[in-house]
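Student: Chains A and B, in that order, give the protein sequences.
Using our numbering, the final residue of the first sequence is 438, and nothing's skipped along the way.
Using our numbering, the final residue of the second sequence is 729, and nothing's skipped along the way.
Quick caveat, the hints were computed from the structure, so don't treat them as lab data.
Even glycine gets a Cβ: it sits at the ideal position worked out from N, Cα and C.
Take the hints with a grain of salt, since some may be wrong.
[Said to hold, decoys possible] Straight-line distance between alpha carbons at most 20 Å, and here's what the computed SDA-like set of lysine to any residue pairs gives: (1) A/K225 to A/D191; (2) A/K289 to B/K665; (3) A/K289 to B/V708; (4) B/K665 to A/G314; (5) A/K225 to A/S198; (6) A/K322 to B/T681; (7) A/K125 to A/D191; (8) A/K289 to B/K700; (9) A/K322 to A/C306; (10) A/K289 to B/S703; (11) B/K697 to A/T338; (12) A/K289 to A/P329; (13) B/K701 to A/F353; (14) B/K665 to A/Q294.
[As the list claims (entries may be wrong)] Here are some chain B residues pointing at chain A (derived, C-beta under 7 Å): (15) F463; (16) N506; (17) T507; (18) M597; (19) S602; (20) D683; (21) Y686.
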Amino acid sequence: MNNFEYREINNGDGRRLNREAEEEEEDDEEDDEGNGRGLDAWERAYADDRSWEALQEDESGLLRPIDNKTLYHAQYRRRLRSLSSSSTGSRIQKGLIRYLYIVVDLSRAAAEMDFKPSRMVVVAKQIEAFIREFFDQNPLSQIGLVTIKDGVAQCLTDLGGSPESHVKALMGKLECSGDSSLQNALDLVHDYLCQIPSYGHREVLFLYSALSTCDPGDIMETIQKCKKSKIRCSVIGLSAEIFICKYLCQETGGSYSIALDESHLKDLVLEHAPPPPAIAEFAIANLIKMGFPQRAAEGVISICSCHKEAKVGGGYTCPRCKARVCELPTECRICGLTLVSSPHLARSFHHLFPITPFDDVSPSTLSKNPHHKLPKNCFGCQQSLRDPGNKPCPCVVCPKCKQHFCLDCDIYIHESLHNCPGCESFSQSKSVSGTMEE
Amino acid sequence: MTPVTQKLYTDDVSLLMVLLDTNPFFWSTSKSTSLSFSNFISHVLAFLNSVLLLNQFNQVVVIATGFNTCDYVYDSSSSPTNQRAETLLRKFEEFVVKDEQLSKEDSVDGIGNSLLSGSLSMALCYIQRVFRSGSLHPQPRILCLHGSPDGPGQYVAVMNAIFSAQRSMVPIDSCVLGVQHSAFLQQASYITGGVYLKPQQLDGLFQYLSTVFGTDLHSRRFLQLPKPVGVDFRASCFCHKNTIDMGYICSVCLSIFCKHHKKCSTCGSVFGQAQTNAPSTSNQKRKTADT
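Isolated chain B, as found in the complex (with noise of 0.2 Å):
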């Protein structure tokens, strides 16, 4: 995957939009996996402070990935340089704040999602309006710091800033903290030609971060990345958001049920025969095709 080369940017200068989780649902759980919040925060900051310090024209935003809410917190183009960690400690603490004065219940069973679709069409739009600013441009990527587990309801919406990101060749990293696989940050990676990894042990995490994303998309071609373990590409059905297999699809919206279905529920089309002549169609056609 190397297109994002045509274009006219000059060779090594990076925009990077970090997008950090802040669920305090997983941090606050997150003690198995032995990284704090404040420890997370100080790896962040250094690896951010070292690929500012790359190239003179490097750009580094940080979106805040909430429970509740996203938001902007840091863009170094916009701020001074000498008080970097200062001010995004203070819009941190903004956030966190809001974040938690928009939450209505309290009790959330598990951990809960953080809103990577927002936060990942946020930094879609940032990126939109550098491209936009002419025709040299620092080479943008996204990079997902994500803790929480997939939220399915988010599914459609994650799957189309996907899509618009490989439209515009933008790579999303991801480097997942949690205990379990991300299937939305695998998919998004293998799509868009980014690099999908979740470390092994997190008290390194400045390390990982330095090492494997800290280089410029020009750079990259020449590092031996960590490959993908396998992309787990099962759909979550409509019905009840259960991750199959083999499934059944409705010809008229493609919407996705893990059981036989006499009327679809998204576009409300009514179904005639049942599955069982399907095989044969496809057999006929097969066979047609090979004629």
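Chain A with its partners taken away, still in its complex shape (with noise of 0.2 Å):
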């Protein structure tokens, strides 16, 4: 237990790093990310069976850790590839405004142990990480937990917008016995997504443990209530998989998938955090009424609407009523109109405006067309791109700009800035999108 109390806090700690910077750490570890980074081999967790598989030999004939850095890269070009491709389209529709519902199977079956130290764990530090990466995409969304215990499913949080609440909440609730029913927990879940509003897309995320399911009716006809109400049921097993399970993703027009370990778990849990694109029949289109309120400066004395307290400073002024409430995004208790701030919603313009993938430069196209010139320096870091035989190293190149990235860059620039350096410090690109928006 120790052991994975000090993982998640290193967990917590390289989180940023984990996709920009670790592989660079010439730490000789098989692919799994965060999991015991920093620590040596030895101090590890057994997490990997196959261990000599991280290995490969040299011309010499010494062992050498397999070079996971291109490996790592051409990995994620792949995975930009597949995305770019599913969103061609001109215009490009994603359900910004989320409301899902993750139910946590916590019956008898959360509590086996293939998965260490058991399913219900794994489960819970897995969503953990869901949660603050969701909020991170989709700031306006909301999640709700629910969870299944002795045949019974209870709501244990609400629909809300706050990561804290939902994570202390389940942390406190980790306990399981008895069967597992999808049935109740549809029904469930169905009743509660009844009711927001129409504009919103409404999803269902199950982490099902148990092999079984026990219902009491007929759970054919749930599955349709739910299509028919446009919720979209998603399904991560993780022991084998379920007809009835597949069905129900079929139906609703979800994913299921099968986790065959903890590393292929988180994957599967975090592809559920990107904005799904927009389906116009599952929710209908409409302009919502927002607000911008402005902070207030500090040390100024006013009584909130929310909690009705006198507070100091650091609160927001409705641009309607004129009320005063403490956090963003809110809606105001006095007009009733959506509070939110403009980083809010900038938060997620990069779904809408996403930069081009960057082309391969490899070292033998680059002797084919001897005129295409190399700079010596990544444009964005000033890295070299020259590896210290001065040969010219794997680089990528923007096909709009034509500036030349080192590999690193690439990946910090597509994963995290969503910005182009390049592109952003020439003005002609910027008179072009500026007449573009006019």
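Dock the two chains into a complex; use the hints.
Tutor: Right, here's the structure in full:
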């Protein structure tokens, strides 16, 4: 348990570095991310039974860790390409306002120890990471938690926008017993999701440990009911594929997958964090009236309308009725106007204006057309694009501004920054985009 | 905002990324602000020298934010220490000449805006490289010395850069030299936990810089730094680029409009009912949430 906790801390610390930085550190580790970072090989949890597969023989017969930097980059390129090909349409429509219920199976099966220390703990850990990632990517969306225990579905938290409260509620309720019931959970979630406004996307994500479901009635009817209410149900299984789950996902347009191990489970769960493509019939597009309150200066005393207390500083003023609220996003208690701050909206703009994938510049293409001169340094970080032998390293080039970038910058730019430094620092591109928007 | 200290940094070694606004249109019209460009540079040079003297491992990188382009001007880790000012000024001159050559149109209405989004993105890429260099590295921060007004066309790019900085816990400090407040930089400093300052008297710029922006992030906790005087969180609408405090949001793509439209210009979705029923649904929701 101790070991687990340590890894948890380590995980949180290295979270932002996971993607960009860590593959650079020449730790000879398999690509289970974040797991025991910074620990020596013998200190780490015994995660992979086939640790010898992470080694390869070099020319002189010495054993070396597999160069996972290029491997990792290739993997990332594939992901990027599949993403960009799926959104080739000229207009990108995504369901950015999501109402998602996460259903956690806490039946007897969740105590199984095939995931270490148990399925339940692993699932809880992944959900915590998922909730944070979800709110980072979907700032105006809401999550609710439901658990299944003893054949009964229970609502753990109502739909809400604060990651902390969900995580706290889940961590406090980690005990399992009894059977699992898919139908009870669906019925409960259906009742809740029917109430949300029509423009929101209704989604359910099951994390299902059990191999059976113990239902009070006809589950097929319930599935049809969910289909009619346009609730998209997805299931991530932890043991084996079950027909009823597959059927549920097929009918409602969700995805069904089975986790092979912990890192695979993490990938599967995080796949649900980016907003799904909007399907016209699932949610009716609508214009929502919203207000952008200004933050008041520090040290101003006023009474807030949400807690009805006098507070010093740090509040926001509703632009319509001038009431004071403490936190955003929220709804004004007085006039009902949805209040958001523009940064909340801007957080999701990169989904709308994605940057084009960069093209590979491999040494072979360079030798074919020698007039193509490679710059000495990466445009973004000034890292040298030559290896110690003054041979060109693999690098990428932006198709728009023709600037060269190193592989690390490529990943950082596409996964976190969402800006091409080259395009942004030439005014031609700026004037073009300026005229486009006018 | 003190999550910065969680990392395994050495306490007080800083990496200071300085973004200098070199927009010629701003500096030629800045007579009213009583600070000429050469004066500005000498203030900044003195400041950079003092930062480098504070700790022998301190590192300073200067990026010029031009009107047509952005570029690295100076990196203290790769330049000789004895001719700091000379190298910086020489590169600076080259940059200004290049910036001028790139400009095509001669007539610019007003001051124009410099490419803040570009230099911010470059600075963040550089900081990522420092993060990659190992577990012991200087604490990075970004200082924007900015004078030109905000360019509405850069809104999305600047916001993307701000969120990326927030995610990697890099504070963006800003010192506004122009006449108006900069909403971009106010938000940048607020979101990333940096300091926003608009000096009253620009002749004393060096004093402002050294007292407010000179200290490393660790020592900052012990200082009384300027408090923000409110942050402008209003958005600018996509249709007319107006700054609005109430508007309509497309439910599919969250584009902002100042008027009611039939069709979203960003994602092309056609809107159903008018906004009239929006308050009622939200009222219902509020009631059900309470019960």
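Student: Hints first: check each against the structure and report whether it holds.
Tutor: How the hints compare with the structure:
1. Note on A/K225 and A/D191: the hinted pairing holds, with a Cα-Cα distance of about 10 Å set against a maximum of 20 Å.
2. Of the pairs offered as hints, the one joining A/K289 and B/K665 is violated, with about 32 Å between alpha carbons and a cut-off of 20 Å exceeded.
3. For the hint pairing A/K289 with B/V708, the CA-to-CA distance comes to about 16 Å; that is within 20 Å, so the pair holds.
4. Proposed proximity of B/K665 and A/G314 is supported: the alpha carbons are some 11 Å apart, at most 20 Å.
5. Straight-line distance between C-alpha atoms of A/K225 and A/S198 comes to about 17 Å, which keeps the hinted pair within the 20 Å bound.
6. Distance restraint check for A/K322 and B/T681: the Cα-Cα separation of roughly 18 Å lies within the 20 Å cut-off, and the hinted pair is therefore satisfied.
7. Pair hint A/K125 plus A/D191 does not hold up; C-alpha atoms about 28 Å apart against a cutoff of 20 Å.
8. Distance restraint check for A/K289 and B/K700: the Cα-Cα separation of roughly 14 Å lies within the 20 Å cut-off, and the hinted pair is therefore satisfied.
9. At roughly 13 Å between alpha-carbon atoms, A/K322 and A/C306 fall within 20 Å of each other, so this suggested pair holds.
10. With a CA separation close to 17 Å, the supplied pair A/K289 and B/S703 stays within the 20 Å bound.
11. Our distance criterion of 20 Å between C-alpha atoms is met by B/K697 and A/T338, whose separation comes to about 16 Å.
12. Pair hint A/K289 plus A/P329 holds up; C-alpha atoms about 13 Å apart against a cutoff of 20 Å.
13. Straight-line distance between C-alpha atoms of B/K701 and A/F353 comes to about 18 Å, which keeps the hinted pair within the 20 Å bound.
14. The straight-line distance between the Cα atoms of B/K665 and A/Q294 is roughly 16 Å, inside the 20 Å bound, and the hint therefore holds.
15. Because the beta carbon of B/F463 sits about 12 Å from the nearest beta carbon in chain A, more than 7 Å, this interface hint is broken.
16. Interface hint status for B/N506: upheld, as the beta-carbon distance to the closest one in chain A is roughly 4 Å, under 7 Å.
17. The restraint placing B/T507 at the interface with chain A holds, with a minimum CB-CB distance near 6 Å, inside the 7 Å limit.
18. Taken as an interface hint, B/M597 checks out: its beta carbon lies about 4 Å from the nearest beta carbon of chain A, inside 7 Å.
19. Proximity of B/S602 to chain A holds as hinted, the smallest CB-CB distance being about 5 Å (cut-off 7 Å).
20. Interface restraint check: B/D683 against chain A, minimum CB-CB distance 4 Å, threshold 7 Å, status holds.
21. Because the smallest distance between the Cβ of B/Y686 and any Cβ of chain A comes to about 4 Å, under 7 Å, the interface hint for this residue holds.
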